[in-house]
Amino acid sequence: MTDDPLSVPYRERERSVTMEPMGAGDELHEELFTLNIGPHHPATHGVLRLLTTLEGEVVRDIKPIIGYVHTGIEKSCEDQQYWKVITFVERMDYLAYYFNASAYCMSVEKLLEIEVPERAEYLRVIHMELNRIASHLFALATGALDLGAVTMLWWGCRDRDLVLDLFEMSSGQRMHPRYIQIGGVFEDIPPGWVEKTREFLKLMPTRLDQYEDLLDRNEIWLERLKGTGVISQERALELGVTGPLLRATGHPWDLRKAMPYSGYEKFDFDVPVGHHGDNYDRFKVRMDEMRQSIRIVEQALDGLPEGDHITTDRKVALPPRHELATSMEALIHHFKLVTEGFRVPPGEAYTAIESPRGELGCYVLADGSSKPARVHMRDPSFVNLMSLPDMARDSLIADFIACVAMLDPILGGVDR
Amino acid sequence: MPDATGLELIAQRIRTSLGDEAVTGTTYFREQATVDVAPEAVHDALAYLSAEDEEPWTCLSSLHGVDYLPAEPRFGVHYQLLSMERTDRLNVRTRLTGEEPHLPTVIDLFPTADFQEREVYDMFGVVFDGHPDMRRILLPEDYTGYPQRRDFPMGGEPVLFTFNEHKYPRWYD
Numbered sequence: 001m002t003d004d005p006l007s008v009p010y011r012e013r014e015r016s017v018t019m020e021p022m023g024a025g026d027e028l029h030e031e032l033f034t035l036n037i038g039p040h041h042p043a044t045h046g047v048l049r050l051l052t053t054l055e056g057e058v059v060r061d062i063k064p065i066i067g068y069v070h071t072g073i074e075k076s077c078e079d080q081q082y083w084k085v086i087t088f089v090e091r092m093d094y095l096a097y098y099f100n101a102s103a104y105c106m107s108v109e110k111l112l113e114i115e116v117p118e119r120a121e122y123l124r125v126i127h128m129e130l131n132r133i134a135s136h137l138f139a140l141a142t143g144a145l146d147l148g149a150v151t152m153l154w155w156g157c158r159d160r161d162l163v164l165d166l167f168e169m170s171s172g173q174r175m176h177p178r179y180i181q182i183g184g185v186f187e188d189i190p191p192g193w194v195e196k197t198r199e200f201l202k203l204m205p206t207r208l209d210q211y212e213d214l215l216d217r218n219e220i221w222l223e224r225l226k227g228t229g230v231i232s233q234e235r236a237l238e239l240g241v242t243g244p245l246l247r248a249t250g251h252p253w254d255l256r257k258a259m260p261y262s263g264y265e266k267f268d269f270d271v272p273v274g275h276h277g278d279n280y281d282r283f284k285v286r287m288d289e290m291r292q293s294i295r296i297v298e299q300a301l302d303g304l305p306e307g308d309h310i311t312t313d314r315k316v317a318l319p320p321r322h323e324l325a326t327s328m329e330a331l332i333h334h335f336k337l338v339t340e341g342f343r344v345p346p347g348e349a350y351t352a353i354e355s356p357r358g359e360l361g362c363y364v365l366a367d368g369s370s371k372p373a374r375v376h377m378r379d380p381s382f383v384n385l386m387s388l389p390d391m392a393r394d395s396l397i398a399d400f401i402a403c404v405a406m407l408d409p410i411l412g413g414v415d416r
Numbered sequence: 417m418p419d420a421t422g423l424e425l426i427a428q429r430i431r432t433s434l435g436d437e438a439v440t441g442t443t444y445f446r447e448q449a450t451v452d453v454a455p456e457a458v459h460d461a462l463a464y465l466s467a468e469d470e471e472p473w474t475c476l477s478s479l480h481g482v483d484y485l486p487a488e489p490r491f492g493v494h495y496q497l498l499s500m501e502r503t504d505r506l507n508v509r510t511r512l513t514g515e516e517p518h519l520p521t522v523i524d525l526f527p528t529a530d531f532q533e534r535e536v537y538d539m540f541g542v543v544f545d546g547h548p549d550m551r552r553i554l555l556p557e558d559y560t561g562y563p564q565r566r567d568f569p570m571g572g573e574p575v576l577f578t579f580n581e582h583k584y585p586r587w588y589d
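Protein sequence lines, in the order shown, are assigned to chains A and B.
Position 43 of the first sequence, counting from 1, maps to 43 under this note's numbering, and the rest follow consecutively.
If you want this note's numbering, it's the 1-based position in the second sequence plus 416.
Please note that a few of the clues may not be correct.
Straight-line distance between alpha carbons at most 20 Å, and here's what the computed SDA-like set of lysine to any residue pairs gives [claimed, not checked]:
(1) A/Lys63 x B/Asn580
(2) A/Lys371 x B/Arg565
(3) A/Lys371 x B/Arg490
(4) A/Lys110 x B/Arg446
(5) A/Lys110 x B/Asp419
(6) A/Lys75 x B/Leu555
(7) A/Lys110 x B/Thr443
(8) A/Lys196 x A/Asp161
(9) A/Lys75 x B/Arg534
(10) A/Lys257 x A/Leu237
(11) A/Lys75 x B/Arg490
(12) A/Lys315 x A/Gly341
(13) A/Lys202 x A/Gln292
(14) A/Lys63 x B/Glu437
(15) A/Lys75 x A/Lys371
(16) A/Lys110 x B/Ala420
(17) A/Lys63 x B/Pro527
(18) A/Lys196 x A/Met175
(19) A/Lys84 x A/Lys266
(20) A/Lys257 x B/Ser499
(21) A/Lys257 x B/Thr503
(22) A/Lys84 x A/Lys110
(23) A/Lys371 x B/Met570
(24) A/Lys196 x A/Glu298
(25) A/Lys266 x A/Glu121
(26) A/Lys75 x B/Pro486
(27) A/Lys75 x B/Glu557
(28) A/Lys226 x A/Lys63
(29) A/Lys75 x B/Pro556
(30) A/Lys84 x A/Glu109
Because the hints were derived from the structure by calculation, they are not lab data.
The structure displayed is predicted, hence computed values, not measured ones.
Whenever a hint applies, use it, and build me the whole structure from the sequences.
Structure (structure tokens):
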């Protein structure tokens with residue numbers, strides 16, 4: 001593989017397309033052409049609008065224009081009690097809902113200074129890693145669709161559905177399950193869930209091999225990804241790019257390893273990195289991350305400790321349902337929590353976790369009431385999107401579609 | 417996180433380098449270190465912390481605004497600095513007041529501040545002087561007001577249907 005895209009065989013057949021600047025002139029073919037892509041375009045992964053400046057077929061500049069799905073979630077959160085905010089934040093990055101809820105809950109737990117039981121931490125890790133698999137699968141499926149590989153869409157969504165089945169079994173919802181609560185998780189996992197998850201974990205590596213057989217030997221797939229959308233490690237760090245995009249440039253930065261939270265230090269897993277920082281490395285890093293997630297879930301299921309699934313602090317967590325019939329105190333706690341919610345001592349907290357797309361930070365400002373004064377999500381998609389012009393500049397317009405596919409921005413998270 | 421002593425040392429180093437009035441205070445809360453920096457010293461303090469300090473903070477992981485109403489000065493802008501070498505975080509906070517507060521941009525130090533400063537401008541009305549493209553980012557360009565301010569009212573905007581479109585003459589303008 002060389003850095004010169006023109007040396008790739010199929011590019012050679014398109015010799016009429018030159019990557020050299022043509023120079024401004026009076027001739028029609030020498031003009032720069034502005035093309036609006038989106039907001040409603042299937043290859044922009046949501047409601048993303050890109051104002052591209054083209055010279056022939058070569059992209060000279062891109063300006064992302066965002067805000068088309070801005071719904072003011074952060075503002076709405078300020079009008080909700082702490083435990084109701086979870087419903088809102090889950091809808092930001094709508095493919096990584098467990099991560100949004102975790103980041104928020106960990107911030108509030110930091111302010112409340114409550115301990116999360118070990119079993120709850122394990123259950124959080126299990127669900128987050130399953131969610132990471134589901135999210136990467138969807139990124140791969142839709143990304144492959146952008147590049148014309150329709151089979152991968154069906155296969156990816158088929159296997160993502162297996163994860164959603166597990167979520168449905170443990171929490172009753174396939175998406176936005178509101179499973180992670182402040183102080184722990186909503187409910188213990190039902191009987192049979194562990195076995196079903198183990199079945200999935202046994203199946204999934206064979207499926208990952210199938211994807212690699214399907215894509216990794218595919219001439220079109222390789223030629224469209226290898227050497228396209230390259231971004232250097234220094235530039236990625238400057239732009240604040242995190243997650244698989246940064247790891248594809250060879251920087252092994254993973255918050256699960258670097259600054260462990262939720263008990264990630266107990267698990268043995270590797271941080272896959274790439275070499276070139278091109279689209280192909282991003283694809284490979286995501287594939288390998290799914291394998292590592294499988295390892296983490298296996299270890300977490302093996303070591304799942306007994307105990308409470310949520311904190312026993314009744315000022316924060318709802319009492320068990322059966323106690324309401326016999327205990328006056330439980331009834332009072334239930335009533336207070338449901339009507340007023342709990343109060344959080346004044347202060348501010350910023351917690352960052354490793355979401356499928358990078359550093360997901362949640363800032364919460366508490367003013368002492370039962371509603372947060374400010375909830376802010378540092379969404380990785382929002383920051384990573386800034387690197388798109390750098391990736392796609394001076395490359396062909398078809399390569400820039402591959403860049404968007406492998407960048408994997410979730411516009412719900414970008415616009416919030 | 418730097419511990420409380422480490423935080424004081426950092427604050428002291430900023431003071432020696434930029435003068436006593438650059439740092440207005442430090443907060444150590446729930447194992448999170450925060451340096452309060454005067455608004456006019458933000459750019460210099462971040463330039464110092466990102467390059468010259470003996471323990472440099474090379475990454476800006478998050479830049480966000482906050483409205484502390486009814487406290488005064490009401491606005492705050494947070495710079496969450498990150499050191500990947502030491503796996504450590506430091507929060508630099510500055511407090512602003514007034515209807516249209518101004519801050520120097522840090523886009524020359526951290527290019528990642530681009531979208532995030534625009535978001536703070538969009539939501540809080542903090543103008544970042546020297547930003548090359550200081551426009552709204554999430555809200556429509558003709559939007560009035562800064563909705564994340566605490567005194568911005570919650571409530572819906574009218575949805576236009578044929579039966580009520582005459583009630584909103586602005587739409588015809």
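Report the numbers of all earlier hints that the structure fails to satisfy, in ascending order. Per hint list: 1, 14, 19, 28 violated.
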